[in-house]
Amino acid sequence: GDSVTQMEGPVTLSEEAFLTINCTYTATGYPSLFWYVQYPGEGLQLLLKATKADDKGSNKGFEATYRKETTSFHLEKGSVQVSDSAVYFCALSDRGGGSQGNLIFGKGTKLSVKP
Amino acid sequence: DTGVSQNPRHKITKRGQNVTFRCDPISEHNRLYWYRQTLGQGPEFLTYFQNEAQLEKSRLLSDRFSAERPKGSFSTLEIQRTEQGDSAMYLCASSLTGTGNEQYFGPGTRLTVT
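Sequence lines, in order, name chains A and B. For the record, in the first sequence the residue sitting at position 72 is 72 according to this note's numbering, with numbers rising by one throughout. Every position in the second sequence, counted from 1, becomes a number in this note's numbering once 115 is added.
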């Protein structure tokens with residue numbers, strides 16, 4: 001079945017460091033890909049998405065490019081801030097195979113940014 | 116747009132009791148999803164409604180679980196004869212057809228079964 005694998009955390013960075021969180025997926029159809037963020041004590045928030053190959057999603061300085069050839073959707077940010085400390089989830093929504101569009105999530109990667 | 120709301124935010128119950136959670140989606144959203152999240156894991160899909168019709172159920176949704184969305188607006192998730200393994204965060208999300216399945220999540224209901 002469809003699945004998402006993301007790098008295990010926790011990831012600890014200093015402020016202004018470059019961030020990459022790896023995400024790869026397996027899907028039988030043509031998925032849409034998402035990154036969600038969960039700040040401490042809060043619910044999941046949609047961070048960005050991409051719906052087809054080579055699309056780039058971006059928001060709040062974060063970017064991710066849908067790479068069909070490597071089945072990847074890595075999250076990047078050029079300069080992290082303490083306020084980016086959170087758990088990041090990669091997810092897919094398979095638009096084919098009879099699915100009604102429920103999201104399939106990775107296990108999450110906890111990011112801690114130190115001042 | 117007030118976002119997705121869920122009630123209660125926390126529920127502690129004794130094993131064997133029944134519990135019911137409520138989700139109010141974003142008002143114009145026609146799709147509603149329930150997920151379960153345990154510590155250190157990503158959310159796992161439970162069930163999905165389009166308007167009032169329940170269109171898909173996960174194998175995780177045992178016969179002790181039932182969900183309704185009677186008028187295509189709010190939804191309830193009931194767990195009968197709770198077990199300690201039901202302890203988790205129960206998340207509700209909603210989306211609108213034609214928006215690329217952007218799902219917006221509520222804050223969740225944390226269930227603890229003692």
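A hint or two may mislead.
[Claimed, not checked] A few chain B residues that face chain A, going by a derived Cβ cut-off under 10 angstroms, partial list only:
#1 159
#2 160
#3 161
#4 199
#5 202
[As the list claims (entries may be wrong)] Computed footprint of chain A on chain B, listed as stretches where at least three residues anywhere in the stretch have a Cβ under 8 angstroms from a Cβ of chain A:
#6 122-133
#7 174-185
Hints in this document: simulated from the structure, not taken from any laboratory. Quick reminder that beta carbons are idealized off the backbone N, C-alpha and C, glycines included.
Hints, one by one, checked against the model:
Because the smallest distance between the Cβ of residue 159 of chain B and any Cβ of chain A comes to about 7 angstroms, under 10 angstroms, the interface hint for this residue holds. For residue 160 of chain B, the interface hint holds, the least distance from its beta-carbon to any beta-carbon of chain A being 4 angstroms, beneath 10 angstroms. Annotation: residue 161 of chain B was flagged as interfacial toward chain A, and the flag holds, the nearest CB pair being 9 angstroms apart, inside 10 angstroms. The closest approach between the C-beta of residue 199 of chain B and any C-beta of chain A is roughly 22 angstroms, which is over the 10 angstroms cut-off, so the hint fails.
The restraint placing residue 202 of chain B at the interface with chain A is violated, with a minimum CB-CB distance near 18 angstroms, outside the 10 angstroms limit. Figure legend: the segment 122-133 of chain B, annotated as covered by chain A; annotation inconsistent (0 residues with Cβ-Cβ distances under 8 angstroms, at least 3 required). With a threshold of 8 angstroms between beta carbons, the proposed coverage of the segment 174-185 of chain B by chain A is violated, since 0 of its residues qualify and at least three are required.
In the structure shown, a violation is registered for the earlier hints numbered 4, 5, 6, 7, in ascending order.
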